[in-house]
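Undergrad: Protein chains in written order, with the numbering used here: chain A, 1 to 160; chain B, 1 to 160.
Check before you lean on any hint, since a few could be wrong.
For identical chains, the list gives no copy identity; a pair is met inside one copy or between any two copies.
In silico lysine-lysine, PhoX-like type, Cα no more than 20 Å apart, as pairs [said to hold, decoys possible]:
id, residue 1, residue 2
1, Lys40, Lys143
2, Lys73, Lys60
3, Lys72, Lys13
4, Lys143, Lys13
It is worth saying that the hints were derived from the structure and are not from the lab.
Next come the chains, spelled out residue by residue.
There are 2 protein chains.
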Amino acid sequence: MTNSALFPQPGTKADIESGTVFSPRFDAEGLVPVVTTSAKTGEVLMLAYMNDAALALTMKTGEAHYWSRSRKKLWRKGEESGNTQRVVELRTDCDQDAIWLKVELQGVEASCHTGRRSCFYRAVPLGEARSGGPGMRFVESEKLFDPDAVYGHAPAAREP
Amino acid sequence: MTNSALFPQPGTKADIESGTVFSPRFDAEGLVPVVTTSAKTGEVLMLAYMNDAALALTMKTGEAHYWSRSRKKLWRKGEESGNTQRVVELRTDCDQDAIWLKVELQGVEASCHTGRRSCFYRAVPLGEARSGGPGMRFVESEKLFDPDAVYGHAPAAREP
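Pulled out of the complex, with its shape left as it was, chain A reads as follows:
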């Protein structure tokens, strides 16, 4: 666990689980996983990470900021695409090592760098683990924007 100067240090287990002081617990890399859902539809849009600065900025501005693990930088969601996320509610879990963000999508309402609304656009068939089974099913195939046109470079650089 990494200490942060931006938030109170976690107290006892009872403080963490039953208290009202927000003292997020960052992992060894200083990150906390964030589940982002649509406030409108409830669907899970993405799973990303925040460091303490991204979390503090998100709380302060009401706009979702993340830590990009691939680019190793703070990242205001939508800073290039314009598809920003306005925070409607921010929750933490029992042991304060995860965040749930309910957001309203701005722009074309796409959260995935592939152009889709949600990053979770494929369902995995149950009953099979190995490649011999049936393939995944595209639950959402429509791209709401063209990532090449929007980003002007390989989408690889856009991964969380």
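Fit chain B to the given chain A structure using the hints.
TA: Showing chain B alone in chain A's frame:
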């Protein structure tokens, strides 16, 4: 990233993002984060982790299995409390390093070791990062079961 013998090895970026072969990408500790939501209400119930064995078992049995980081063991959700999770849908994200599980809750429909339905029972006030601000608000305070009675030992051992 850790290789798994239970799943196909991830291919190219195009395979991973646009293909239909499920080739989950486990982190350096062999884990993948899992968002579990209620198929009935859509709410986020918990954020936990699976190793390859837990994921394969979840797919094979249709019952949620996780990897307990605190207890360092495979964990069939509800094995002690009876509050199991039947998988309705399993999705992966664009870069296949996260899982979204939609589940039906069995038993008393509680997923949190504190006895609550969701682990995300507290909302964090926006606009404040430090402890000087207003405290967190309990969005869900009702405990559907008594963890001491159900587990018969300190709930500490029940953390994901």
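Undergrad: Quick check: which numbered hints come out false for this structure?
TA: none
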